[in-house]
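Residue strings, one per chain:
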Amino acid sequence: MSLSNEPFQLPEIVRTPSRFRNPIGKYRLHRTTACTACGRCVEICPYGVHIMKRGKVYIKNQYLCVGENCPRPCHEACPENALSLKRNPDFDALGDFRWPADLLVSTWYMAEFGTTPSLGLEYKVGSSGGGFDKLRILMKKKTPGFDDISDDDVDVGVVLNRRNDNAHRVRIEVPFYGGGMSYGSVSIATILSRIKAAAALGTFCCTGEGGYPDELKPYDDHVITQVATGLFGVREETIKRVKIVEFKYAQGAKPGLGGHLLGDKVTPGVARMREAVVGFPLFSPFPFHSVYSVEDHKKHVDWIKAINPQALVSVKVSTPTDVDMVAVGSYYAGAHIIHLDGSYGGTGAAPEIAKKNIAMPIEYAVPKVHRFLTEEGVRDKITVIASGGIRTPHDVVKIIALGADGVCTGTADLVALECIRCHNCESGRGCARGIATTDPDLMQLMEIEWGTQRIINLFIAWRKELIRILKRLGIKSLKELVGQTDCLVHLDYLKDRSTV
Amino acid sequence: MPSKYVIHTKPVPHRFEPITKSGVIAWEEGCLKCAVCVKNQCVYGVYDHRHMDDRQMVDSIDNQCMNCFRCVQNCPRELIHKSINPDFMVMGDSHWTPDTIARLWYQSQTGKIPVSGAGYPGPFSGPGFDSMWTDMSEIVRPTRDGIHGREYISTTVDLGRTPKNLVFTGEGEMNEDIPPLVHIPIPMMMRLPRFGAVNDQTIKGWVMAARHLDTLLVLPQEICSQYPLEVQRHLVPSIGTGFKKMAPNKMTRMVELIWDKDWDKNIEVARYSYPSAIVAMRFPLSQGVEEDIPTALDAGCPVIHLEGRMDGTTLDQPSQYIKDGIRRVHQALVERGIRDEITLVASGGLAMAEHVAKSIICGADAVILDFPILIALECRMCRRCEKGLSCPVEIDQADSKWVARRTINLMGAWHNQLLEVMGAMGIREARRLRGEVGRAMFFEDLEKDLFGTLIKVKEGYELE
Chain Y
1 MSLSNEPFQL PEIVRTPSRF RNPIGKYRLH RTTACTACGR CVEICPYGVH
51 IMKRGKVYIK NQYLCVGENC PRPCHEACPE NALSLKRNPD FDALGDFRWP
101 ADLLVSTWYM AEFGTTPSLG LEYKVGSSGG GFDKLRILMK KKTPGFDDIS
151 DDDVDVGVVL NRRNDNAHRV RIEVPFYGGG MSYGSVSIAT ILSRIKAAAA
201 LGTFCCTGEG GYPDELKPYD DHVITQVATG LFGVREETIK RVKIVEFKYA
251 QGAKPGLGGH LLGDKVTPGV ARMREAVVGF PLFSPFPFHS VYSVEDHKKH
301 VDWIKAINPQ ALVSVKVSTP TDVDMVAVGS YYAGAHIIHL DGSYGGTGAA
351 PEIAKKNIAM PIEYAVPKVH RFLTEEGVRD KITVIASGGI RTPHDVVKII
401 ALGADGVCTG TADLVALECI RCHNCESGRG CARGIATTDP DLMQLMEIEW
451 GTQRIINLFI AWRKELIRIL KRLGIKSLKE LVGQTDCLVH LDYLKDRSTV
Chain G
501 MPSKYVIHTK PVPHRFEPIT KSGVIAWEEG CLKCAVCVKN QCVYGVYDHR
551 HMDDRQMVDS IDNQCMNCFR CVQNCPRELI HKSINPDFMV MGDSHWTPDT
601 IARLWYQSQT GKIPVSGAGY PGPFSGPGFD SMWTDMSEIV RPTRDGIHGR
651 EYISTTVDLG RTPKNLVFTG EGEMNEDIPP LVHIPIPMMM RLPRFGAVND
701 QTIKGWVMAA RHLDTLLVLP QEICSQYPLE VQRHLVPSIG TGFKKMAPNK
751 MTRMVELIWD KDWDKNIEVA RYSYPSAIVA MRFPLSQGVE EDIPTALDAG
801 CPVIHLEGRM DGTTLDQPSQ YIKDGIRRVH QALVERGIRD EITLVASGGL
851 AMAEHVAKSI ICGADAVILD FPILIALECR MCRRCEKGLS CPVEIDQADS
901 KWVARRTINL MGAWHNQLLE VMGAMGIREA RRLRGEVGRA MFFEDLEKDL
951 FGTLIKVKEG YELE
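As they're listed, the protein sequences go chains Y and G. Here the working numbering is used: position 321 in the first sequence is 321, and no number is missing along the way. Here the working numbering is used: position 258 in the second sequence is 758, and no number is missing along the way.
These are computed hints drawn from the structure, not numbers from a lab. Each hint can be trusted.
No farther apart than 30 Å at their CA atoms in a straight line, the calculated lysine-lysine pairs in the DSS-like style are these:
1. Y/Lys356 with G/Lys504
2. Y/Lys356 with G/Lys510
3. G/Lys956 with Y/Lys141
4. G/Lys956 with Y/Lys495
5. Y/Lys86 with Y/Lys53
6. G/Lys958 with Y/Lys134
Build the full structure now, drawing on both the sequences and the hints.
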């Protein structure tokens, strides 16, 4: 936070291994009884896969094996031919087009070590066959003067208030903050891990719709509270507590559709937070039933400003075909931040037909909005935040080059907490891995300190990678990258394929 | 306002264990017999009632596993693994994908919309309908919440010719008879799939479903005539060459002819035999079909059925999809000023609920479904039946009531999904969705505009 003059101190990386006994890697090693425990494999493996214990050799960290990419393969060096290597079938059963197994496993790696994986894992792009996954960053072959500048001299922070009005002069130290995940959709341990990590990283995290739990009080300066269509948990007091208030008009995972919390899930705790009746279902309608025009929208923004004159107002919208008009309308209504939420994100359950079809991909929405705001002459007066499918630091660079100022993350945070993307967030007792659940037993599966450090590690790795890329682009400040589409090429339209 | 059309669904169990995407491999050898085994900790209780289906050799855990990987990741001897099921991956083809088939099974079994968490996992875009997105409204277009029932969205469509204008006599009486219109409460009709281990019981089940849903089922004429007259209200006899005049049947509301060399002879026979029916003409969806449509209209066929291939392409051009074909025909008819006199009905490769909405946006009034109602009966699209081999899921043994209930569940799930997308678009009537390309976004427009210029690798640069 920039409110004090103390320089921002980046938190430490602390190695934070998996909560599970057997982390999943790409390869499996098999050791036969021919092994004589000569220790050759322990000696040569650069990744600490093998260990020697009481005169016996064990495979300890199988998940760190880089397989065919290994410069000193143990299975070739073994004098007894006792070792064999094959692909791990579990790895191949993981993931999807957006988050292939490689991205999941490399995100887990970053969350453990705070650095990008060295070999054999594709951590930059997924395999959706379009958008981010077909865009490539154009790096300079030589960047004189950039090779030996310190990471601290590259600025990846973002100033969120560009109106120069009375609101807080908020700056985030990394170009991302945590997207809204409500109390109820994820566990309190997940919420606290995200918010504590956000505080440590000098950024923010949003509460989502559903209230502002008291446990978050110590982090008020890093909380964004959400005002959504159901107005659940919105009070004057919570609006006054924070520096940023977010209006949620729509969410990318279910654009145009309302939310529905089943009666069973309205427990006494949830009911208290949402000021509702225990056991009765709650609808969060679509859209705001009091907003049918920009003027109506302005009334909402003014209302927030009257209660908390220094608050920044963010407007979170989905990506319809007229998203550019919506963005300009939000600017004229007085918003500081326009937050565009594309459809690949989201944690709660949503109809698949909605996720797949309704509204446009974020990679289209951002350049459209950037262009329109620029033509309107107001681009430098509003901050554009993109979310919904930002999986890697490379996605961050691409979307900023397409015209965003920064991004919101959500799924990436959860993957750091070892979400495996089984897509069963809301079935039965909720997340079996204890992340997106309020089941008392399942919540025990994760501890706040562990979760906080995993998220910190992931984003330190992202930050390092962003700085590396900026240096290769010959840029010292991320803000110079905004809208610089000439840093990108699209593989489908590339003229000279020989350069790939 | 008519009372709200609701398709009541209830779970209808499958007869065969579905093929799952991945399976659990749990070795016993080397087991430490831990006091607290990871299998007992399964959140979903998958291992609690584990059994083997002897007939199909399917382990129940494969179907119940929800892929949380906790047992895989916690067994101290690493004896449990997940593995992709090759039987799943080879199902169907590139259009009727394993995932599409599995989702159709799910909807037919539960009657529910497929819902999942954690964002959209699929490809960026794809061929055919996968290269378009539907729109939604943010602030300025109020929408309706169709499923949760607070507002009314109509999915009714009309089949037949609407006159361009009404003509009155000097006394204010209507000068001509209004041509007949058939209203169906959902823009979805059904017909027999081109292959399938289908028998009388199966067809009877589909007939029952068509009646229950109050929609239409297209069947060969000789099959229609076997059903009682009151049932024939919901059947569309398909008439081919060789059909002879028969005693007039006044219950039938629509008949279908095929655009072939004998069409003009058949139309006469059809008119005589089905005097109160609207005549539909089935055209192959190919280049230039829009040139022939006015001829059919003039001859008295106001319903035009555009038939694509089962893989969703048009009949003569593999690179053209029915999405493109429907748009082209719709646009041509609009330009000729005859679009409102014609009802366009599309078929071929419609495999998901979104294809219904997208067909209508592209310009169809309604669609005809074939293979989805077969896959509702657990069909695996293995096409053994085409070779005269036995059906692995014994569709020909299925009871007609089961067939009807599975079909109703599928249509119920699709109807609700249509309401979802219409609600998001702020459209209250399926009739008004027709040709509304403004409520859609097309890959070819957006992609070229936004990414088409990102083409150059400058000197001294390289890609990452």
